[in-house]
Amino acid sequence: MSMLEVRHLQKTYTTRFGGSKVEALRDVNFSVERGEYVAIMGESGSGKTTLLNILAALDKPTGGTVTLNGRVLSTLRESELAAFRRDNLGFVFQEFNLLDTFSIEDNIYLPLVLSGKRYGEMHERLLPIAKRLRIDDILKKYPYEISGGQKQRAATARALITEPQILLADEPTGALDSHSTDELLSMFTDVNETGQTILMVTHSVKAASRAGRVLFIRDGEVFHQIYRGDSTSEELYAKISDTLTILAGGGEVAE
Amino acid sequence: MKLYARLAFVGIRNNKQFYVPFFFTSVGMTAVFYIMSALADSLLLKNMYGGRTALSLLQFGTGVMAVFSLIFLYYTHSFLTRRRQREFGLYNILGMEKRHIAVIMSIETFITYAVSLVLGVGAGMIFAKLAETLMLGIMNLSVGYEIIVSWRSVALASLVFGFIFALILAATLVRVGRSDPLTLFRSESKGEKPPHANPVLGVAGLLLLAGAYYIAVTVENPIKAMFFFFIAVLMVIFATYFLFIFGSVLLCRILKRRKNYYYKENHFISVSSMTFRMKRNGAGLASICILLTMVLVTITSTLSLYSNVEDMVEREHPREVNVSFYLNLEMMRDDMFASDLKNGVIKAANKIGCGPRNIIGLRYLWINTEKTERGFCHTNFYIEMQDTYEFIFTSVSDYNESYGTDYELAPGEALAFRINDGKKTYGGVGDTVYIDPLGTYKIVGEVEEFAAYGYDSTNSVTGLVVDDIGPLFGKVDGHEPTLYIGFDVAPGKEKSFDLSWFSFDEYIDWTAEDENGSLLISGLNWSSKTADREDYMSMYGGLYFIGIMLSGVFTLAAVLIIYYKQITEGYEDNARFDIMRKVGLTKKQIKRSVSSQMRTVFIMPIAMAALHLAFAMPILRRMLMAIYFRNDALLYTVAAFSVAVCAAVYLIVYKLTASSYYRIVRE
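Just so you know, the sequences run in chain order A and B. Note that the numbering used here numbers the first sequence so that position 46 is 46, with each residue one more than the last. Note that the numbering used here numbers the second sequence so that position 339 is 339, with each residue one more than the last.
One should not assume that every hint holds.
[Stated by the list, open to error] Looking from chain B toward chain A, a few residues come up when the C-beta cut is under 10 Å (computed): (1) 133; (2) 255; (3) 259; (4) 262; (5) 269; (6) 272; (7) 273; (8) 276; (9) 580; (10) 585.
[To be verified] Using C-beta positions, here's what the derived DEER-type ranges look like: (11) 78/B to 87/A: 40 to 50 Å; (12) 24/B to 206/A: 55 to 65 Å; (13) 60/A to 134/B: 49 to 59 Å; (14) 60/A to 591/B: 14 to 24 Å; (15) 206/A to 167/B: 50 to 60 Å; (16) 26/A to 578/B: 44 to 54 Å; (17) 90/B to 232/A: 39 to 49 Å; (18) 60/A to 78/B: 39 to 49 Å; (19) 10/A to 578/B: 23 to 33 Å; (20) 58/A to 656/B: 28 to 38 Å; (21) 78/B to 70/A: 49 to 59 Å.
In case anyone wonders, no lab produced these hints; they're calculated from the structure. For each residue, glycine too, the CB sits at the ideal point set by N, CA and C.
Isolated chain A (complex conformation):
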């Protein structure tokens, strides 16, 4: 069985006064295997963010199910959800979302502190991750003192320190310059090679081309997907570009 199963996922927003309905997700189906690196692409308004929010259990679907390791998300109670998120999911956001009142180190500890871990254990966990993400020298600094790339690596460390089932990344390179983007993406690849499952929502062809599989969403449905297979990142980049061109043209993709 797959690690993450998404079946017939539906999300309809009703406007405030009960007037028109907006279908953000119509019928989304896909699954993710353990250790996979999946990118989800789509234009603005295609439902990417809605999908991610539902996967993150931040939002509830109006139909369909999300199953993670055999547990159906919608059956979790509100009180269980936060703990579930903390223990199973790691998040990386476009806006970093580091807390400005905490040092980098404390930002990374946050989810562990919330789970009630001892300081000694947290500290042990932090060191290898900080080394791997090359932030071990800025742990004592505050978010406003470091660069965007460093912030995003710190946010990644925060996401990884709980050893999550899935790392969910929402446009992780959206606010980074090209150098920092490259750096972050190679770290994602490294992390994935150690067996970490990653699900990334992105606009960026470059980012998507580093993934093992790319899903395309259009009008609230999974419209197409590309497996990397044996292709290099450059070849995958070309394939993604072609697909996007067709998507933009509104045509069908023949596989």
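Guided by the hints, dock chain B onto chain A, whose structure is given.
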């Protein structure tokens, strides 16, 4: 122009979370200002006996209100504009020039001014009657029925508040004018440095506070107390600011270093955000603390004084009418002369028809001493200090005649009365008291009454009835021998006795001289219990009334500072809690962390204020003693009562603020 007006209205409406409390404040301040000014202006007080004291107090209160309104409205309004810089930035980016924004702001300010003035004066007119009733009730005077409309006060209010709002507007315009659109737009989301605690200042705060408390607790001398009180107040103010700003940051840093404490779910978030919060809010919280302390001290002292009036009047006036003659030494020894004077006074009273009764006539010998090894020794070095002891002598013949008793005393025997029971001068009946140079007296008994008119002091005062004080005169110098005559009057005749030299002209020869050409009667002093009671009521009642009004306004101010702080923080925390929620914080945890922080922020100032008051009590007691306040139990009761009332008001505001804070954070 129409567009600007609409934008101004929209601006007020969209920021109602900030504008509504601001309106409340400015309306409240205007109303209080009007009430005080109108009461000071009303003819009622001017024509009232003893009304003058209250009148000048009210005028003083009006001035204080004007200054305080200026400071406080200016301060709160700066919260408003800071919140709105983003909006101005947006307008600016959309192509609106700064002068257009200036027009909008002017309209907004004018609307605020007009609303505050109309509602404030309106509320003032309604409540002025209530306030007047309250004040006259406090001052124990009867109330008229006319509603107070003082156009002079309306004009004054519109001028004063017009000036205040003009100043506020000017400050806002300068703020808008100085900034460029991008900084306006971004001004809310600036990165923040972690605060650096200055341990020296933190420790300095602690030391200052300890010093101030030490002074307050140890100062014994009531006169010195007044001076030291101001020193202590200054020290406490600085200490409070230092402790709130630096001390709390220091504390947070120490807590952070204790990793096993810090990295716990409930400590982690609150300690780290408190560090930042205290740096920014330390000053605000310290101000709140100081305002609350002021309220507590004001209410405690004015209410104590007011409640003490009856006690004080009774203590100072043995009888309804009290007359003191300062006599030539020879005349002091002359029993006939004394009884002639007494008869003269009574005849004068009878002539008016006030029916004198309970007549007392006592000749006093007063001596101020300090303690020596053998007993007490006369000193002319008179300071109201705890280590001086006063004795008042009178003859047993005068005493028996005044009180209808039939004591008989041998030379060297005395009957004692503890007038002011400070440090004891004798242990009990049977003891002997040696007073240099008057001799040794054996206390053979204690009397139940002893009118010591004019000798009320904060020292230990003992009355002694001896066989004859005649020979004692001349043995000590530095005081005026006094003949006191006091009597009560028939009910309803209290104020009929118009006391002056002239009242006695018919019966007393003021010009009589002895062979050396010095006057037999060198001076006269008189008082009426009822008139003095009215005077005290007017003064202490007026003080208490103004104490209540100002305390109300100060409390309002303190409460509003907190409200604005919490709301502003709510908006900042909104984003923070959103992140935490994404990272896996439950709503329950958020709520718990929020309320623990709120509680701390709320409790700290009032707890500190109560502590300040507790330590201020000893010195307050000494200062009140200097104005003949001796009722300790009353003082402590009143203090506890003020803290309770203040805390209750505070709790209500806490609940209100907490609920609007949650609403913002939850959005």
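Hint check:
Taken as an interface hint, residue 133/B does not check out: its beta carbon lies about 52 Å from the nearest beta carbon of chain A, beyond 10 Å. Taking 10 Å as the C-beta contact cut-off toward chain A, the hint placing residue 255/B at the interface is violated, the least distance being around 13 Å. With its C-beta approaching chain A no nearer than about 4 Å, residue 259/B sits inside the 10 Å limit, and its interface hint holds. For the restraint placing residue 262/B at the interface with chain A, the shortest Cβ-Cβ distance is roughly 8 Å, inside the 10 Å limit, so the hint holds.
Nearest Cβ of chain A to the Cβ of residue 269/B: about 8 Å, under the 10 Å cut. The hint holds. A hinted interface residue such as residue 272/B counts as satisfied when its beta carbon comes closer than 10 Å to some beta carbon of chain A; here the least separation is about 5 Å, so the hint holds. At about 5 Å, the closest approach between the beta carbon of residue 273/B and any beta carbon in chain A falls short of 10 Å, and the interface hint on this residue holds. Because the smallest distance between the Cβ of residue 276/B and any Cβ of chain A comes to about 5 Å, under 10 Å, the interface hint for this residue holds.
For residue 580/B, the shortest C-beta to C-beta distance to chain A is roughly 7 Å, which falls under 10 Å, so the interface hint holds. Hint status for residue 585/B relative to chain A: holds, with the closest Cβ pair at about 6 Å, below 10 Å. In this structure the hint that residue 78/B and residue 87/A lie 40 to 50 Å apart at CB holds, the actual value being about 46 Å. Under the hint 55 to 65 Å, the C-beta atoms of residue 24/B and residue 206/A, about 56 Å apart, fit the expected range.
At about 58 Å, the CB distance of residue 60/A to residue 134/B agrees with the hint of 49 to 59 Å. Look at residue 60/A against residue 591/B: about 21 Å separates their beta carbons, and that is inside 14 to 24 Å. Between residue 206/A and residue 167/B the CB atoms are about 57 Å apart, so this pair conforms to the stated range of 50 to 60 Å. Distance hint for residue 26/A and residue 578/B: a CB-CB separation of about 28 Å, inconsistent with the stated range 44 to 54 Å.
Judged by the Cβ atoms, the range 39 to 49 Å given for residue 90/B and residue 232/A holds: they are separated by roughly 47 Å. At roughly 43 Å, the beta-carbon separation of residue 60/A and residue 78/B lies within the given 39 to 49 Å, and the hint holds. For the hinted restraint 23 to 33 Å between residue 10/A and residue 578/B, the CB-CB distance of approximately 25 Å keeps it satisfied. Checked against the hint of 28 to 38 Å, the pair residue 58/A and residue 656/B passes, with Cβ atoms roughly 31 Å apart.
A beta carbon spacing of about 57 Å between residue 78/B and residue 70/A agrees with the range 49 to 59 Å that was offered as a hint.
In the structure shown, a violation is registered for the earlier hints numbered 1, 2, 16, in ascending order.
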